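Engineer: Sequence:
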Amino acid sequence: MMFRWCGVSVLFFIHVVPLAATESLEQTIDFLLHRVETADATFIRNGQSHTPKEAVAHVRAKYEHFKGQIKTADDFIRLAASKSLVTGQPYLIRGRDGKEVQLDVWLSHALREHERDGPK
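Take any residue in the sequence shown, note its place counting from 1, add 1, and you have its number in this note's numbering.
If you're looking for bench data, these hints aren't it; they were derived computationally from the structure. Since the structure is predicted, the reported quantities are computational estimates derived from the model, not experimental observations. Zero decoy hints are in this set.
Quick list of the computed label-pair ranges, beta carbon to beta carbon:
| hint | residue 1 | residue 2 | range |
| --- | --- | --- | --- |
| 1 | 47 | 119 | 33 to 39 Å |
| 2 | 50 | 26 | 28 to 34 Å |
| 3 | 88 | 65 | 18 to 24 Å |
| 4 | 99 | 119 | 29 to 35 Å |
| 5 | 73 | 49 | 28 to 34 Å |
| 6 | 50 | 119 | 32 to 38 Å |
| 7 | 72 | 39 | 25 to 31 Å |
| 8 | 101 | 39 | 17 to 23 Å |
| 9 | 114 | 25 | 14 to 20 Å |
| 10 | 23 | 110 | 20 to 26 Å |
| 11 | 28 | 97 | 27 to 33 Å |
| 12 | 73 | 35 | 14 to 20 Å |
| 13 | 49 | 113 | 24 to 30 Å |
| 14 | 28 | 90 | 28 to 34 Å |
Don't be surprised by glycine CBs; every beta carbon is placed ideally from N, CA and C.
Please construct the entire structure, taking both the sequences and the accompanying hints into account.
Structural biologist: Right, dumping it as structure tokens:
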């Protein structure tokens with residue numbers, strides 16, 4: 002009887018685990034970095050414009066610095082992609098239309114879409 006119960010529990014667990022849960026944290030962070038790198042936008046850090054490639058290099062360096070504290074994708078966004086450690090100013094992303102959005106908000110939106118749609 003006990004064996005059956007364990008089998009049912011395992012099947013239930015497998016059934017309720019979302020597809021995105023099978024993706025590692027590294028894969029999710031790579032997805033977010035790729036979104037930044039391929040964005041048709043300008044990144045603003047401490048009032049200065051940067052290319053997507055420059056933005057990714059900076060965020061990746063901060064990720065390496067905080068790696069021991071990052072346990073979730075939200076931690077990654079908060080610690081590595083939200084604001085300057087020196088000035089406290091938020092990082093911004095400026096689209097072709099000139100509209101600016103905080104990078105952490107933009108990445109959080111991309112993360113939620115990724116979690117909803119699953120890894121591709």
